[in-house]
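**Student:** One line per chain: the protein sequences are H and R, in this order.
Sequence positions in the first sequence follow my numbering and run 1 to 103.
Sequence positions in the second sequence follow my numbering and run 1 to 269.
A portion of the hints provided could be inaccurate.
Here are the simulated lysine-lysine pairs, BS3-like style, with alpha carbons at most 25 Å apart [unchecked claim]: (1) Lys127(R) x Lys46(R); (2) Lys73(R) x Lys229(R); (3) Lys46(R) x Lys73(R); (4) Lys127(R) x Lys73(R); (5) Lys234(R) x Lys46(R); (6) Lys229(R) x Lys52(H); (7) Lys52(H) x Lys99(H); (8) Lys52(H) x Lys73(R); (9) Lys99(H) x Lys73(R).
Far from chain R by the CB rule (all over 12 Å, computed), these chain H residues [what the hints assert, rightly or not]: (10) Gly33; (11) Ser50; (12) Asp54; (13) Ala57; (14) Gly62; (15) Ser63; (16) Asp66; (17) Arg79; (18) Ala92; (19) Thr98.
For the record, the hints were derived by calculation from the structure and aren't laboratory data.
Cβ coordinates follow ideal geometry from the N, Cα and C atoms, glycine included.
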Amino acid sequence: MRALLVFATVLGGCALLQPPSPKPAALTSLGAGEIHSAPGAAEALVIGSSTKADVRAALGEGSVVDFTSGYEVWVYRERSPTPSAELVLLFAPSGVLTKTRVR
Amino acid sequence: MPETITLERMKTRACLWALILFASCGATLAQNDAVVVKAVREPVAKSYRKMVEGMELFEQRRDLAPNASLRFKLLPRRRGTPMDDIQLEVAADSRAIPLQVAADRTFAIERDRVALRENAKVMPNRKAGTMTWRADVRTPGLPPNVRRLGDLRLECEVGMKSGLISNYPAGFFGWLEELFKGPEFCHRPAPRYLFFAEQPLFSVTLIDGARREVLPVDMLYAGATRNAKWKQDKHCDCQVIYDHTYFVPLGDTSWPDDTLVLIEYMEGS
Numbered sequence: 001m002r003a004l005l006v007f008a009t010v011l012g013g014c015a016l017l018q019p020p021s022p023k024p025a026a027l028t029s030l031g032a033g034e035i036h037s038a039p040g041a042a043e044a045l046v047i048g049s050s051t052k053a054d055v056r057a058a059l060g061e062g063s064v065v066d067f068t069s070g071y072e073v074w075v076y077r078e079r080s081p082t083p084s085a086e087l088v089l090l091f092a093p094s095g096v097l098t099k100t101r102v103r
Numbered sequence: 001m002p003e004t005i006t007l008e009r010m011k012t013r014a015c016l017w018a019l020i021l022f023a024s025c026g027a028t029l030a031q032n033d034a035v036v037v038k039a040v041r042e043p044v045a046k047s048y049r050k051m052v053e054g055m056e057l058f059e060q061r062r063d064l065a066p067n068a069s070l071r072f073k074l075l076p077r078r079r080g081t082p083m084d085d086i087q088l089e090v091a092a093d094s095r096a097i098p099l100q101v102a103a104d105r106t107f108a109i110e111r112d113r114v115a116l117r118e119n120a121k122v123m124p125n126r127k128a129g130t131m132t133w134r135a136d137v138r139t140p141g142l143p144p145n146v147r148r149l150g151d152l153r154l155e156c157e158v159g160m161k162s163g164l165i166s167n168y169p170a171g172f173f174g175w176l177e178e179l180f181k182g183p184e185f186c187h188r189p190a191p192r193y194l195f196f197a198e199q200p201l202f203s204v205t206l207i208d209g210a211r212r213e214v215l216p217v218d219m220l221y222a223g224a225t226r227n228a229k230w231k232q233d234k235h236c237d238c239q240v241i242y243d244h245t246y247f248v249p250l251g252d253t254s255w256p257d258d259t260l261v262l263i264e265y266m267e268g269s
C-alpha cells in the first residue's frame, strides 16, 4: 500500500513538471493581419459577395494598402515564425471582394 | 589682438570662397542655359551620353534577350501630369534633335557624335519631378501582361547604366553612387528595381516550364505592405502608379532568362 502511494506521488510530481501542452490553434490569440490558415480563411469568403465588413468580422483587420483608384488590397498572413502562407484580398471601389490569392 | 586679426582673416577668406562659389555657380547656370528648352522652366532631363552608354550596354548584353529591341519609356510621376503630346528632343549646344514619342510613350534615340561631344540632354517639355523614365526591352510576340525575365534583367541593367532611376536625391550616395546605381545593382538576388505593369496589378507569377511561383505580396506595390508610411515616400519615382509596380528576383539564377513573368491585373480575369 505504501509503495503504491509513493508511486502515485512520484507520478503526480512528474505530471507537474511537464511543460503545459500547447493550446489548440483556435484558442491562441492572433495579432492584426494574422490568421491560422490561409486556405481555410479563403474558403470562408465569397468573391463578388463578401464585403469589407464581412471580411473584417471573419478575419479581423488585415494589412491594408489603399490606392487612389479606390481599390484596396488586404493582406493576412499565417502565424508562423518562418516565412508563412499569405492570403491577399482585392476589394473593388464598391467595397466588394473581387479577387483572392493564397500563396 | 592677434585673435581679432585671425578672425578678420577668416572672414575675408570665407567671403572670398563664397564669391568663388557664387561665380562658379553662375558660370554653371550660364552653361546650362545654353541647352535648356525655353518652353519649360526646370525641365526634367537626362544625360544623352548616359543613355547612349545604356544603348551600348544593351548591345553588349544581348544574350539576355537575343530577339528583343530597346526603347525608352516615359511614365507619370506627379499626379495630374499630362502624358499626351509630349515633345522630346536631344538638346545640344549647336543643335536640337527632335525625338518621336509613340502613343505608348516610348521613344528611341540615335547615336549622334556632335550631341555626345556637346554633352547634350534628353529633354521633354515637362518640369522636373513630373515624370520618370525606364528602359523598355521587349521580346516580340508576348502579350502586354507577359514579360520575359531576361528582358527585365536587361531593362534593369540599361536603366541603371543610363542613369534613368531617380528614387533618391542626386548625390545621395556620394562616391558610392556607381556601386549603388550601376548595372551591378541588377545582379543582386532581389534588387529593389521597380518595374511598371501596363495596368494596376494584383499578382505576378514566374513560370519556367512546370515550375511556377507566385511572388509574395511584399514584392508588389513598391513594398507598401511592409511599410506603413509608404504614402509619404517622396523619393520613390512611383508616387502616382504604386499599383502598377513590382520587383522580380533578377539575380536569382535558378530562374533562366526565358522565364515568363505573368501579370494578373486588378481588373479582368
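**Student:** With the threshold set at 25 Å, check whether the alpha-carbon distance from Lys73(R) to Lys229(R) stays at or below it.
**Tutor:** 28 Å, violated
**Student:** So if I understand the rule, the pair passes when the alpha-carbon distance is 25 Å or less; does Lys52(H) with Lys73(R) pass?
**Tutor:** Violated - the C-alpha atoms of Lys73(R) and Lys52(H) are around 37 Å apart, more than 25 Å.
**Student:** If you draw a straight line from the CA of Lys52(H) to the CA of Lys99(H), is it 25 Å or shorter?
**Tutor:** Within the cut-off at roughly 13 Å; holds.
**Student:** Is the nearest CB of chain R more than 12 Å from the CB of Ser63(H)?
**Tutor:** Incorrect as stated: the minimum Cβ-Cβ distance to chain R is 6 Å, not above 12 Å.
**Student:** Determine whether the non-interface label on Asp54(H) survives the test: each CB of chain R must be over 12 Å from its CB.
**Tutor:** 20 Å, holds
**Student:** Between Lys99(H) and Lys73(R), does the CA-CA distance stay at or below 25 Å?
**Tutor:** Violated, because 30 Å separates the two Cα atoms, which is more than 25 Å.
**Student:** Regarding the pair Lys234(R) and Lys46(R), is the alpha-carbon distance no greater than 25 Å?
**Tutor:** 20 Å, holds
**Student:** A cut-off of 12 Å on Cβ-Cβ distance, and Asp66(H) was said to be off the interface with chain R. Does that hold?
**Tutor:** Contrary to the label, Asp66(H) does not stay out of reach of chain R, its closest Cβ about 9 Å off (not over 12 Å).
**Student:** Quick one: work out the minimum CB distance from Arg79(H) to chain R and report holds if it exceeds 12 Å, violated otherwise.
**Tutor:** Label holds. Min Cβ-Cβ 16 Å, cutoff 12 Å.
**Student:** If you draw a straight line from the CA of Lys46(R) to the CA of Lys73(R), is it 25 Å or shorter?
**Tutor:** With a Cα-Cα distance of about 12 Å, the restraint between Lys46(R) and Lys73(R) holds, given a limit of 25 Å.
**Student:** Beyond 12 Å from every chain R Cβ: check whether that's true for Ala57(H).
**Tutor:** The claim stands: Ala57(H) keeps its Cβ more than 12 Å from every Cβ of chain R (closest is about 22 Å).
**Student:** Minimum C-beta separation from Ser50(H) to chain R exceeding 12 Å: can you confirm that?
**Tutor:** 16 Å, holds
Hints 2, 8, 9, 10, 14, 15, 16, 18, 19, counting from the list given before, are not met by this structure.
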